[in-house]
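*Asks:* Sequence:
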Amino acid sequence: MKLLVAFLLLIVSSVSLANVNPSEIVVSIKPIHSIVTGLMKDIGTPALLIKDPQTPFEFTVTANETAQLKAAKLVIWVGPELEKNLEPVIAQLPSSTTVVELLANSRLKILPSRSDPALRDPFFWMDDRNIIILLDDLTELLIQIDPARSHIYARNRREMLVPLRRIDKEYEYGYRGLKAGTGVTYFDTLQYFEQAYALGILDRVTGTPWDTETAADMLKVRKRIQQKEAVCLFVDTSMHAGNLELIVKDQQINIGKLDVLGRNFSAGADLYLKMMQYNTDVIKQCLNADMDDAATARLVAADGWDNMPDGLRGRFILTDHNGKIFTEQDMQGKYALIFFGYTNCPDVCPTSLAVLTQALKRPTVKEQVDKIIPYFITVDPLRDTAEVLNDYVKYFDKRLVGLTGSEQMIKRVVDQFRAKFQKEEIDKEQDPLLYTMDHTASLFLMAPDGSFITKFAHGISPDVLADELAAIIR
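In the numbering used here, the protein residues as written are 1 to 474.
The set of hints was computed from the structure by calculation and includes no laboratory data.
Lysine-lysine pairs mimicking BS3-like chemistry, simulated, CA-CA at most 30 Å apart:
1) K361 / K324
2) K220 / K109
3) K334 / K411
4) K324 / K398
5) K411 / K455
6) K220 / K257
7) K420 / K371
8) K41 / K274
Please work from the sequences and hints to get the whole structure.
*Replies:* What follows is the structure in structure tokens.
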């Protein structure tokens, strides 16, 4: 068995798929099978190992499936934290089989289990930014082992990337439906979604059906419901919640039935997008969201994703965190890594700026770091004066430049990047300065001449960002 961990350092010498039946590529679960199927469009359909009505938690490998795995040239699975019963068979596969364990991919954002920090949370695909990274990695893998059809894999990747970026934009900005209320979960399937999109989940009963359900955890979740802290309890159609009745008995609580394994959908290239839309709709409805707002966000996201900025084409005058005038000419001459946010931002902004500054300290970009200047441009100039920015940026990196200005000038700059921001009042009568800002949370990379290069989605890890910067900046 050949185990592949570092996707971008693959050396595949013994495997060639050019003359291999697509059924000899085996993928364990439907969400990942969907991505591989999309990449193999016009070539063939890979085999799906765990078929309905089975799930990874009831799956037992039959003699026929063992033979299928041993005959496979490529096997892609999540890892033992999900497909526990598959692990012994994987360990016995012959050297002619290349095995990809996705939880071992260092480029993905893999979180520790909150039930047992020694284990990994297997539901990484619930952060679609992970799928965007995985799409690139699997494209690279397939091209390396089947170079003759590299043009097909590259074309399919480009086609798949557009809707994946669209749903990321939908969740990233204007998705106020996800913030309508707070919830609890029976199984901890939403940790990745929580971190990526600031979803409010208070507690959970257990991690996965593999984990023990304790009375203390059940009572903790029930107390959240009793005290009206949570408006929704999420369960999953693929996981048996054996003690659900004990938790919700005599309580008023919305029940949201998630489907993180795609059980409700037919296997195929479009499963992942359908599954994510279904799950986000379940989340919104269960949290008593404004469905009109959420529908608008979906339309906005669908409208013109490819209409990305050409660059800084207009003049602007801002003030940096030292109180000095800063114009578009000051941003030229070096690569600019730009983040829009505000200092009162509770989570997304400090997380993104920490990722940015950590990435610039990675050895990967040691030769490029002097060519890059990071910028933090506030979308809240009313509160973020130069003095406030001065105190804020120094906590992250001495190279970080904070920029503020008039509301009109900030809007002008934001519009040049085709980014978005919007004030959300909390209690205007009590305090007019008590509000939050919804805003685009991506990082923008600009060339020394002010032209747009690329956009990095919120949730990217410092290592992946450093790798991407090193690949772009020579």
